[in-house]
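In order, the protein sequence lines correspond to chains A and B.
Residue 32 in this note's numbering is what sits at position 32 of the first sequence, and the numbering runs on without skipping anything.
Residue 43 in this note's numbering is what sits at position 43 of the second sequence, and the numbering runs on without skipping anything.
Watch out, some of these pointers could steer you wrong.
[As the list claims (entries may be wrong)] Quick list of the computed label-pair ranges, beta carbon to beta carbon:
#, chain 1, residue 1, chain 2, residue 2, range
1, A, Pro113, B, Arg108, 23 to 31 Å
2, B, Ile77, A, Gly83, 31 to 39 Å
3, B, Gly40, A, Ala78, 29 to 37 Å
4, B, Ser67, A, Lys56, 40 to 48 Å
[What the hints assert, rightly or not] A few chain A residues facing chain B, derived, Cβ under 7 Å:
#, residue
5, Tyr32
6, Ile34
7, Gly43
8, Pro44
9, Phe46
10, Asp49
11, Ser52
12, Lys56
13, Asn93
14, Phe103
It is worth saying that the hints were derived from the structure and are not from the lab.
Every residue gets a Cβ at the ideal spot worked out from N, C-alpha and C, and that includes glycine.
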Amino acid sequence: GESVGLHLPTLSVQEGDNSIINCAYSNSASDYFIWYKQESGKGPQFIIDIRSNMDKRQGQRVTVLLNKTVKHLSLQIAATQPGDSAVYFCAENPWGATNKLIFGTGTLLAVQP
Amino acid sequence: EAQVTQNPRYLITVTGKKLTVTCSQNMNHEYMSWYRQDPGLGLRQIYYSMNVEVTDKGDVPEGYKVSRKEKRNFPLILESPSPNQTSLYFCASSPGTSSPLHFGNGTRLTVT
Numbered sequence: 001g002e003s004v005g006l007h008l009p010t011l012s013v014q015e016g017d018n019s020i021i022n023c024a025y026s027n028s029a030s031d032y033f034i035w036y037k038q039e040s041g042k043g044p045q046f047i048i049d050i051r052s053n054m055d056k057r058q059g060q061r062v063t064v065l066l067n068k069t070v071k072h073l074s075l076q077i078a079a080t081q082p083g084d085s086a087v088y089f090c091a092e093n094p095w096g097a098t099n100k101l102i103f104g105t106g107t108l109l110a111v112q113p
Numbered sequence: 001e002a003q004v005t006q007n008p009r010y011l012i013t014v015t016g017k018k019l020t021v022t023c024s025q026n027m028n029h030e031y032m033s034w035y036r037q038d039p040g041l042g043l044r045q046i047y048y049s050m051n052v053e054v055t056d057k058g059d060v061p062e063g064y065k066v067s068r069k070e071k072r073n074f075p076l077i078l079e080s081p082s083p084n085q086t087s088l089y090f091c092a093s094s095p096g097t098s099s100p101l102h103f104g105n106g107t108r109l110t111v112t
C-alpha cells in the first residue's frame with residue numbers, strides 16, 4: 001500500500017550544526033505535507049508544512065524542501081540546539097483524502113552538546 | 001490557550017472492562033480524529049469526524065467507537081478492551097481540509 005517512510009531512523013548531530021532529516025513518500029497524488037516534532041511524553045507538534053505547488057518553504061530556523069520528481073521531502077534545522085532533540089515525523093495528505101494524514105514512523109534527532 | 005485536552009493521561013484496565021477516553025478542543029475546529037501510536041508502526045488513524053454527528057472509520061477502527069455530539073468533544077470508547085489495544089492514543093483537531101492537525105498530549109492505555 002501507499003506509505004510514508006524515512007531514510008534514517010536516528011540522526012546524531014553536534015550542537016550548532018545543521019540537521020537534515022529526510023523522508024520518502026510513495027503517493028504521487030499527495031498535495032500537502034507536514035513535519036511534526038514529538039518530544040518525550042508529548043503529542044506531535046506542528047513545525048512546518050508545504051503544498052505541492054511549492055518546492056521550498058522557510059520558517060524560523062527550519063526549511064522544508066519538496067522534490068516531487070523523486071517524491072522526497074526533507075527538513076533542515078539550522079544551528080541545531082539541545083531543545084531540538086526529539087522524534088520528527090513527516091506526513092502526507094493524499095489528494096482527495098480530506099484531512100487524512102499518512103505518517104512516517106519517525107526519525108530520532110539526538111543533539112550532542 | 002488553544003489546546004486539545006485528553007483524559008486520562010494514563011490508564012490501566014483489564015480485558016473486557018468498558019472505558020472512555022475523553023477529548024476536548026477549544027479552537028472551534030470542525031475536524032477531529034483519533035490515532036494510536038505503536039513502536040515501528042507510527043501513527044495510525046482510528047476514527048475521524050468532519051463535524052458534529054459526522055464520523056467515519058480510519059485505518060484501524062476495529063474495537064473502537066466514537067461519538068461527536070458537540071463540536072468540542074470527541075470521546076473514544078472501547079466497549080470491550082483487549083490486550084492488543086494497549087497503545088498510546090492521540091486525539092487531534094484541525095480547522096479543515098489540508099490544515100495542520102493539533103494534537104493532545106496522549107493517553108497511554110494498558111490492557112491486561
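Quiz prompt | Outcome of range test on Cβ distance (A:Pro113, B:Arg108; 23 to 31 Å) | solution = holds (30 Å)
Quiz item: Between B:Ser67 and A:Lys56, does the C-beta distance stay in 40 to 48 Å?
Solution: holds (42 Å)
Quiz item: B:Ile77 and A:Gly83, beta-carbon distance inside 31 to 39 Å?
Solution: holds (37 Å)
Quiz item: Do B:Gly40 and A:Ala78 keep their Cβ atoms within the hinted range of 29 to 37 Å?
Solution: About 30 Å separates the Cβ atoms of B:Gly40 and A:Ala78, which means 29 to 37 Å holds.
Self-check item: Closest C-beta approach of A:Asp49 to chain B relative to 7 Å, hint status
Solution: Constraint on A:Asp49 satisfied, holds at 6 Å.
Exercise. Hold the hint about A:Gly43 up to the distance rule: shortest CB distance to chain B must be less than 7 Å.
Key: holds (3 Å)
Self-check item: Restraint check, 7 Å cut-off on beta carbons, for A:Phe46 near chain B
Solution: Hint holds; A:Phe46 Cβ to chain B Cβ min 4 Å, cut 7 Å.
Exercise. With a cut-off of 7 Å on the beta carbons, see whether A:Phe103 makes it to chain B.
Key: holds (4 Å)
Practice problem: With chain B as the partner, please determine if A:Lys56 meets the hint condition of a C-beta pair closer than 7 Å. | Solution: violated (18 Å)
Quiz prompt | Evaluation of the interface hint that places A:Asn93 against chain B, nearest CB under 7 Å | solution = holds (6 Å)
Quiz item: Quick one, is the A:Pro44 hint okay against chain B at 7 Å, beta carbons?
Solution: This hint holds: A:Pro44 lies near chain B, its Cβ roughly 5 Å from the closest one there, short of 7 Å.
Quiz prompt | Proposed interface contact between A:Ser52 and chain B, which counts if any beta carbon pair is under 7 Å | solution = violated (10 Å)
The structure fails hints 11, 12 (numbered hints given earlier, in ascending order).
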